[in-house]
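Asks: Letter by letter, the chains look like this.
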Amino acid sequence: MTESATYTDEIAETSDDPVEARPSSIDLASTFEESGVPEILRELDETMIGLAPVKRRLRETAALLLVDKARREMGLATDTPTLHMSFTGNPGTGKTTVALKMAGLLHRLGYVRKGHLVTVTRDDLVGQYIGHTAPKTKEVLKKAMGGVLFIDEAYYLYRPENERDYGQEAIEILLQVMENNRDDLVVILAGYEDRMDRFFESNPGFRSRIAHHIDFPDYGDTELLQISETMLAEQNYRFDAEAKALMAKYIELRRKQPHFANARSIRNALDRARLRQANRLFSHATVPVTADDLATILADDLRASRVFTMGVPDSARESSTEENKE
Amino acid sequence: MNDMSDIKTVTGAKRYSAGVMKYAQMGYWEPDYEPKDTDVIALFRITPQDGVDEVEAAAAVAGESSTATWTVVWTDRLTACEKYRAKAYRVDPVPNSPGEFFAYIAYDLDLFEPGSIANLTASIIGNVFGFKPLKALRLEDMRLPVAYVKTFQGPATGIVVERERLNAYGRPLLGATVKPKLGLSGRNYGRVVYEALKGGLDFTKDDENINSQPFMHWRDRFLYCMEAVNRASAATGEVKGTYLNVTAATMEEMYERAEFAKTLGSVIIMIDLVIGYTAIQSMAKWARDNDMILHLHRAGHSTYTRQRSHGVSFRVIAKWMRLAGVDHLHAGTVVGKLEGDPATTKGYYDIFREEYNPMALENGIFFDQDWASLNKMMPVASGGIHAGQMHQLLTYLGEDVVLQFGGGTIGHPHGIEAGATANRVALEAMVFARNAGRDIWNEGEDILRDAAQTCTPLKQALDTWKDVTFDYASTDAPDFAPTPEVSA
Amino acid sequence: MRLRQGQFSFLPDLSDDDIRTQAQYAIDNGWAVSVEYTDDPHPRNTYWEMWGHPMFDNRDAAAVVYEVNECRKEHGGKYIRVLAFDATHGWESVRMSFIVNRPKEEPGFRVVRQEAPGRVIRYSVESYAVREPEGHRYG
Numbered sequence: 001m002t003e004s005a006t007y008t009d010e011i012a013e014t015s016d017d018p019v020e021a022r023p024s025s026i027d028l029a030s031t032f033e034e035s036g037v038p039e040i041l042r043e044l045d046e047t048m049i050g051l052a053p054v055k056r057r058l059r060e061t062a063a064l065l066l067v068d069k070a071r072r073e074m075g076l077a078t079d080t081p082t083l084h085m086s087f088t089g090n091p092g093t094g095k096t097t098v099a100l101k102m103a104g105l106l107h108r109l110g111y112v113r114k115g116h117l118v119t120v121t122r123d124d125l126v127g128q129y130i131g132h133t134a135p136k137t138k139e140v141l142k143k144a145m146g147g148v149l150f151i152d153e154a155y156y157l158y159r160p161e162n163e164r165d166y167g168q169e170a171i172e173i174l175l176q177v178m179e180n181n182r183d184d185l186v187v188i189l190a191g192y193e194d195r196m197d198r199f200f201e202s203n204p205g206f207r208s209r210i211a212h213h214i215d216f217p218d219y220g221d222t223e224l225l226q227i228s229e230t231m232l233a234e235q236n237y238r239f240d241a242e243a244k245a246l247m248a249k250y251i252e253l254r255r256k257q258p259h260f261a262n263a264r265s266i267r268n269a270l271d272r273a274r275l276r277q278a279n280r281l282f283s284h285a286t287v288p289v290t291a292d293d294l295a296t297i298l299a300d301d302l303r304a305s306r307v308f309t310m311g312v313p314d315s316a317r318e319s320s321t322e323e324n325k326e
Numbered sequence: 327m328n329d330m331s332d333i334k335t336v337t338g339a340k341r342y343s344a345g346v347m348k349y350a351q352m353g354y355w356e357p358d359y360e361p362k363d364t365d366v367i368a369l370f371r372i373t374p375q376d377g378v379d380e381v382e383a384a385a386a387v388a389g390e391s392s393t394a395t396w397t398v399v400w401t402d403r404l405t406a407c408e409k410y411r412a413k414a415y416r417v418d419p420v421p422n423s424p425g426e427f428f429a430y431i432a433y434d435l436d437l438f439e440p441g442s443i444a445n446l447t448a449s450i451i452g453n454v455f456g457f458k459p460l461k462a463l464r465l466e467d468m469r470l471p472v473a474y475v476k477t478f479q480g481p482a483t484g485i486v487v488e489r490e491r492l493n494a495y496g497r498p499l500l501g502a503t504v505k506p507k508l509g510l511s512g513r514n515y516g517r518v519v520y521e522a523l524k525g526g527l528d529f530t531k532d533d534e535n536i537n538s539q540p541f542m543h544w545r546d547r548f549l550y551c552m553e554a555v556n557r558a559s560a561a562t563g564e565v566k567g568t569y570l571n572v573t574a575a576t577m578e579e580m581y582e583r584a585e586f587a588k589t590l591g592s593v594i595i596m597i598d599l600v601i602g603y604t605a606i607q608s609m610a611k612w613a614r615d616n617d618m619i620l621h622l623h624r625a626g627h628s629t630y631t632r633q634r635s636h637g638v639s640f641r642v643i644a645k646w647m648r649l650a651g652v653d654h655l656h657a658g659t660v661v662g663k664l665e666g667d668p669a670t671t672k673g674y675y676d677i678f679r680e681e682y683n684p685m686a687l688e689n690g691i692f693f694d695q696d697w698a699s700l701n702k703m704m705p706v707a708s709g710g711i712h713a714g715q716m717h718q719l720l721t722y723l724g725e726d727v728v729l730q731f732g733g734g735t736i737g738h739p740h741g742i743e744a745g746a747t748a749n750r751v752a753l754e755a756m757v758f759a760r761n762a763g764r765d766i767w768n769e770g771e772d773i774l775r776d777a778a779q780t781c782t783p784l785k786q787a788l789d790t791w792k793d794v795t796f797d798y799a800s801t802d803a804p805d806f807a808p809t810p811e812v813s814a
Numbered sequence: 815m816r817l818r819q820g821q822f823s824f825l826p827d828l829s830d831d832d833i834r835t836q837a838q839y840a841i842d843n844g845w846a847v848s849v850e851y852t853d854d855p856h857p858r859n860t861y862w863e864m865w866g867h868p869m870f871d872n873r874d875a876a877a878v879v880y881e882v883n884e885c886r887k888e889h890g891g892k893y894i895r896v897l898a899f900d901a902t903h904g905w906e907s908v909r910m911s912f913i914v915n916r917p918k919e920e921p922g923f924r925v926v927r928q929e930a931p932g933r934v935i936r937y938s939v940e941s942y943a944v945r946e947p948e949g950h951r952y953g
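Each protein sequence line maps, in turn, to chains A, B and C. Just so we're aligned, residue 1 is where the first sequence starts under this note's numbering, counting upward by one. Just so we're aligned, residue 327 is where the second sequence starts under this note's numbering, counting upward by one. Just so we're aligned, residue 815 is where the third sequence starts under this note's numbering, counting upward by one.
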């Protein structure tokens with residue numbers, strides 16, 4: 001097939017000699033601007049609160065990839081770099097959102113052809129019966145080709161306590177594709193830092209294929225309060241002064257309770273607050289409500305939360321499968 | 327346009343008093359008429375004699391192609407004559423053509439026998455074409471209502487099933503007409519077929535006037551051709567075909583030849599347009615019944631399609647042939663030696679291949695036409711084309727077309743097989759490049775040159791015919807040009 | 815003998831990158847791409863074995879190349895082709911077909927003639943390879 005490859009390459013490209021086609025110099029700054037990457041980074045800065053170390057790592061990664069591309073154009077490097085990543089951090093720290101931005105960034109830089117993100121967990125990869133796992137895993141990998149595959153809580157793939165667990169089959173296929181199809185997709189493994197570390201220890205194949213680690217720290221109290229206000233504003237709601245103060249208190253208490261999930265816990269709390277606000281407006285609706293009434297969350301709407309009343313989050317009442325998410 | 331306000335339909339008993347009356351007054355001119363969805367509509371280009379009013383001329387055409395005769399007849403009153411009268415409802419001057427007018431005429435569906443081209447044409451292009459008050463008359467286009475389309479079989483096989491039978495997808499098919507047209511013996515003739523098919527063509531073709539002459543009787547031709555087809559199929563692993571022309575003097579003789587082609591395992595037979603509409607419909611029915619692809623050579627059409635002012639436009643012939651049920655029909659090449667400008671030719675190709683034709687005046691299509699799921703016809707491009715034009719052919723004609731390189735195959739300096747291979751390699755390289763996103767229109771010559779590096783026959787073909795073009799002004803360009811500088 | 819079926823059999827063998835480019839064209843047209851293999855390449859053998867279902871939901875042709883290579887691992891000594899299927903009304907059929915893998919030796923086909931009255935000959939085309947049972951063809 002070698003002979004034919006040469007022939008068809010000639011059909012696809014008009015340049016006869018790749019050495020001659022090499023540029024003698026590259027203007028990195030303008031290449032960077034033209035790539036559209038700054039736009040993504042700017043968007044990230046504007047839309048995501050906090051996450052300073054993550055944003056820094058992303059900027060560094062972008063710079064590295066750009067330089068690497070330039071090196072290849074100048075003939076200083078030949079191999080496609082390994083781009084697989086791990087995102088570690090507690091739930092709700094923005095891993096999926098950043099993965100989406102990362103997919104866009106890799107696409108702008110020309111490292112993936114389509115730039116879509118496919119998010120999966122163990123259940124999407126591992127089958128129920130013999131012969132089920134390989135096609136399932138392959139199906140997911142094929143869908144992700146041209147983009148980024150995000151495996152949330154990747155360590156669940158590995159269950160050493162059950163030696164016939166089908167997860168191992170998925171791991172093998174995954175490793176093979178991560179190695180052989182580096183041009184076709186980028187895999188991001190995500191989850192808690194400690195569990196991820198243990199996973200890598202037992203599966204050194206993954207460790208060696210992951211080039212970029214990004215750690216997602218928990219949000220600070222002030223950041224979470226800011227996040228809560230942004231989330232509300234996106235839906236045309238706002239706190240009054242008293243409610244805002246109570247929200248700050250809520251964040252402080254909630255953090256100490258089980259299943260704290262950073263921004264996700266905030267979103268859930270706000271969803272419930274909106275529900276209570278609607279109930280309140282409805283049951284006290286003796287006079288016509290104003291637009292202002294409809295847009296304001298009062299302290300009462302938060303105070304009813306179990307975080308204040310019983311010292312447990314509302315979600316503790318929900319089914320156990322929801323626990324990890326919360 | 328003249329003032330028509332004084333032309334009114336005469337009604338009541340006065341309408342039927344003996345004598346001569348203007349057609350427009352007899353009810354053949356109805357400017358307020360709104361055609362029904364079930365009406366057949368015809369668009370004529372009329373050139374009235376000097377002094378004849380265009381509205382009266384249009385009404386006369388409507389009358390003569392439907393119920394009227396030169397004088398009033400009382401027997402009209404025994405019929406629902408208002409329904410049966412064709413109605414001219416619009417007359418427009420032709421842009422840039424003084425003295426010519428477009429007349430729109432609507433016909434009630436009950437005027438026509440279902441599924442009969444003969445009946446349709448006897449009305450629409452019958453006596454009326456010799457009518458004295460007109461200098462010239464041309465049928466430009468027709469709108470065929472779905473209700474009428476559904477009474478026809480349509481193409482026996484259609485593009486989709488033809489491709490499935492041939493196991494050939496995603497590229498134009500290739501063919502060549504065996505040359506010289508006349509004089510080869512059956513044995514020599516089959517040699518040409520074998521070489522061309524083995525070299526890479528899908529089809530070879532009898533010419534329109536190859537029937538059963540002293541130098542080669544039809545059975546001989548069929549037998550040697552099928553030996554060639556099967557040998558070529560074994561040599562390449564492809565399904566191959568040769569259009570065996572079954573055109574003959576009588577239907578009985580044509581059926582006999584078609585049956586023999588079937589016995590020998592041919593995938594395709596051929597007929598000429600000159601056998602007539604009824605014979606064409608009969609052969610289309612036979613082809614449907616016998617799983618045979620039916621190729622129609624449009625021999626003779628230029629006698630009435632070519633001149634702008636008189637005759638029948640080829641787009642109308644194309645519509646009739648899609649109804650009648652042929653699978654292949656020649657439709658022009660744009661770049662070859664025969665008549666056809668790009669815009670008009672696109673109009674023809676759309677009629678062949680689309681499920682629905684929206685009105686497109688720039689392509690000469692005057693009406694929306696719904697084909698009601700009738701099969702699609704495969705257009706055939708032949709006449710003065712060669713491998714060096716592959717990028718133009720693919721751009722103009724698309725991939726559902728048979729490209730026939732007769733001279734461009736048999737005239738290759740290194741023989742027929744080399745000629746066929748040159749065409750096939752050029753074709754595959756061009757389709758590959760198009761799919762790969764290359765701008766084949768501008769880079770076509772580079773693509774061919776690159777492909778020729780590993781294909782000597784292609785290199786020889788490109789060298790031989792590099793400067794051959796047929797650049798003459800067309801005699802049948804659309805009247806509605808998108809840009810003013812384009813003219814006939 | 816070289817089997818000439820498909821869109822690109824007169825061109826040199828396609829590289830994986832060529833396959834990807836062509837499959838991407840199909841995907842971009844909204845067609846489902848599938849991989850099939852056979853050890854009976856008779857021109858009228860319509861039904862080659864399916865290597866999985868047509869890929870209806872893959873945006874990137876790397877998935878096609880991946881499956882072609884998976885198929886090669888098991889059937890590298892046979893013919894493998896890539897097909898594109900168009901489900902739109904009026905087509906509902908194959909729109910592309912090209913060979914991406916061939917046996918090392920292609921013995922080709924023979925013509926079998928059966929003479930009948932009136933100089934009629936009934937023809938069969940038979941692959942030399944099918945003289946061996948399935949699974950034992952092409953070495």
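Misleading hints may appear alongside valid ones.
Simulated pairs of lysine to any residue, SDA-like, Cα-Cα distance not exceeding 25 Å [stated by the list, open to error]:
no., chain 1, residue 1, chain 2, residue 2
1, B, K461, B, R416
2, A, K136, C, E888
3, C, K887, A, D271
Hints listed in this document are in silico derivations from the structure and should not be mistaken for laboratory results.
Asks: For each hint, tell me whether it holds in the structure or not.
Replies: Hints versus structure:
A distance of roughly 20 Å separates the Cα atoms of K461(B) and R416(B); the hinted pair therefore holds under the 25 Å criterion. Between K136(A) and E888(C) the alpha-carbon distance is near 19 Å, which keeps this suggested pair within the 25 Å criterion. This hinted pair does not check out: K887(C) and D271(A) have alpha carbons roughly 52 Å apart, beyond 25 Å.
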